[in-house]
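**Student:** Sequence:
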Amino acid sequence: MFEIWETSEPARLISDAGTLKVALEKVDTMCRLRHDQAVAHIEAPGDGYHFEIRDEGGKPLASLTYVPDTTRDYRSVVNAELRGD
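Numbering (our numbering), first residue to last: 1113 to 1197.
These are computed hints drawn from the structure, not numbers from a lab. It is possible that part of the hints are untrue.
[Unchecked claim] Below, simulated DMTMM-like cross-link-like pairs (lysine to aspartate or glutamate); rule was C-alpha separation at most 25 Å, straight line:
1. K1171 x E1121
2. K1171 x D1185
3. K1138 x D1185
4. K1133 x E1168
5. K1138 x E1168
6. K1138 x E1121
7. K1171 x E1115
8. K1171 x E1137
[What the hints assert, rightly or not] Just the calculated beta-carbon pair ranges, DEER-fashion:
9. G1160 x E1137: 18 to 24 Å
10. M1113 x I1154: 17 to 23 Å
11. H1153 x T1131: 33 to 39 Å
12. E1121 x D1181: 21 to 27 Å
Each residue gets a CB set at the ideal place from its N, CA and C atoms; glycine is no exception.
Could you put together the complete structure from these sequences and hints?
**Tutor:** Here's what the structure looks like:
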């Protein structure tokens, strides 16, 4: 079991996932959402958005800082190697 956290202030649990692959997809979905919000000027990203994937004990396994580039279309933050494709 994995937990997906957005660790920007205030930190909040976004979701959980049964596999690392699903956890990565959920982080990618959150980054796409944040990109869309930035493009629509709904939310200013400031220094970016901070995400963590944690194990069921709460230990961080991976972290990502995502800063939307609103001059381009969204590109996945999860590459094929991480997805296992």
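**Student:** If a hint holds in the structure, say so; if it doesn't, say that too.
**Tutor:** Against the structure, the hints come out as follows:
1. K1171 x E1121: Measuring from Cα to Cα gives roughly 18 Å; hence the hint holds.
2. K1171 x D1185: Violated, because 33 Å separates the two Cα atoms, which is more than 25 Å.
3. K1138 x D1185: holds, 19 Å
4. K1133 x E1168: holds, 15 Å
5. K1138 x E1168: holds, 16 Å
6. K1138 x E1121: Holds, at roughly 19 Å.
7. K1171 x E1115: holds, 10 Å
8. K1171 x E1137: holds, 19 Å
9. G1160 x E1137: 18 to 24 Å: Distance hint for G1160, E1137 holds at roughly 20 Å.
10. M1113 x I1154: 17 to 23 Å: violated, 32 Å
11. H1153 x T1131: 33 to 39 Å: Taking Cβ atoms as reference, H1153 and T1131 lie about 35 Å apart, which means the hint holds.
12. E1121 x D1181: 21 to 27 Å: holds, 23 Å
The structure does not agree with the numbered hints 2 and 10 stated previously, though it agrees with the rest.
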